[in-house]
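K.L.:
Spelled out, the chains give:
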Amino acid sequence: MDILKINTKSREELVNVTTMLQEKIKANGWENGLLFVYSPHTTAGMTINEGADPDVARDILNTLKRVIPPSLDYTHVEGNSDAHIKTSLVGSSVQVIVENSQLRLGTWQKIFLAEFDGPRTRTIWLNFYTSPEN
Amino acid sequence: MDILKINTKSREELVNVTTMLQEKIKANGWENGLLFVYSPHTTAGMTINEGADPDVARDILNTLKRVIPPSLDYTHVEGNSDAHIKTSLVGSSVQVIVENSQLRLGTWQKIFLAEFDGPRTRTIWLNFYTSPEN
Amino acid sequence: MDILKINTKSREELVNVTTMLQEKIKANGWENGLLFVYSPHTTAGMTINEGADPDVARDILNTLKRVIPPSLDYTHVEGNSDAHIKTSLVGSSVQVIVENSQLRLGTWQKIFLAEFDGPRTRTIWLNFYTSPEN
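Note that the protein sequences, when read in sequence, are chains C, A and U.
Counting from 1, position 34 in the first sequence corresponds to residue 34 in my numbering; the numbering is continuous, with no gaps.
Start counting at 1 in the second sequence, then tack on 1000, and there's your number in my numbering.
Start counting at 1 in the third sequence, then tack on 2000, and there's your number in my numbering.
Just so you know, the hints here were simulated from the structure itself, not pulled from any lab data.
Just so you know, even glycine gets a beta-carbon here, dropped at the ideal spot from N, CA and C.
Check the hints yourself; a few may be wrong.
Covered by chain U, according to a simulated footprint, are these stretches of chain C (three or more residues, beta-carbon under 8 angstroms) [unchecked claim]: (1) 40-52; (2) 88-100; (3) 103-110.
For lysine-lysine, the following DSS-like pairs were computed, each having C-alpha atoms within a straight-line distance of at most 25 angstroms [said to hold, decoys possible]: (4) A:K1026 <-> A:K1005; (5) U:K2065 <-> A:K1065; (6) C:K65 <-> A:K1065.
Here chain C stands alone, though its shape is the one from the complex (with noise of 0.2 angstroms):
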């Protein structure tokens, strides 16, 4: 296993973790399997999307916001059960494929740590596994 730190900036915040996982992978000598991306918080979660536009990481915060908003009749004293729900929304882990020790994504993909309740110091858990026939 392996982790990453992360300190987040704003309160809601989309973290392109990619660069930082590509390295992990090469300093591990991961070659060929499946990296599994987790994040051990309960107000932020791990999701994949649009890397190109930052627009589209605004876009997606900016509404989940408004679908969930900040302030409402919530019963949870902390005053953070919207970035609770939102982490359950997104899931709190990603998985990737892994190929001669580069990550396999889609074109357009970057894979994101969800910040919803920033700004905090933030850790990833990494695990990779491979199969017995790769």
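Based on these hints, arrange chains A and U on the given structure of chain C.
P.N.:
Same frame as chain C, but now just chains A and U:
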């Protein structure tokens, strides 16, 4: 493969299954790898979120109900379209790391069956995957 | 790895790919393990839901459109921000159990490509993972 049986008690409920999963890991002698936790249902999914304060689960369920109301101009005659939609949003499975036969979760994370059309008897399918390198 | 090609027919569509996946499992001689089904697109994802009544798919698509409208004050100039957002909500991949070269799904479950910005030619990437113990 192993199976977990759960009797849910309300129409909508987040059932914390973490302890039951941990017991299954021990009983099966699963040591180091990835636990795949799968809901074979179309009106109940799996999610990871905070388990310490039950208000978080309440806020998640109430907000999902507000965003995806039980009664709308749905065409599906069974009257549970909201439950199908929510299942696709949270997803049918989660995966978590197992180390030395212990679930490796974040400090506040618990694993929940997300019941959206109970009360019912639900099953969860468990598989364990290790890598040749582990 | 194997690839599935799908020509979608509408802007929004849930395409049932279960039979195509089952054929690929047979053709590849995959026996016991986990099938990883990955969409390399940023405006189309993967989801598992009911396949018996096509009204369920219709209700899912119509409700997602109501929650994430196609026209809003989006900043992304391509005009398909709704499709990007929905993709992050349903997710880019699903995983399902394979036993004796058969998909092991729940009674009502089918696997769908969730097209949110068609019609287009889409690809799905398939990987199969087994455990040394299987």
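K.L.:
Determine for every hint whether it applies to the structure shown.
P.N.:
Hints and how they fare:
no.: 1; hint: 40-52; result: holds (count 4)
no.: 2; hint: 88-100; result: holds (count 8)
no.: 3; hint: 103-110; result: holds (count 6)
no.: 4; hint: A:K1026 <-> A:K1005; result: holds (17 angstroms)
no.: 5; hint: U:K2065 <-> A:K1065; result: holds (16 angstroms)
no.: 6; hint: C:K65 <-> A:K1065; result: holds (16 angstroms)
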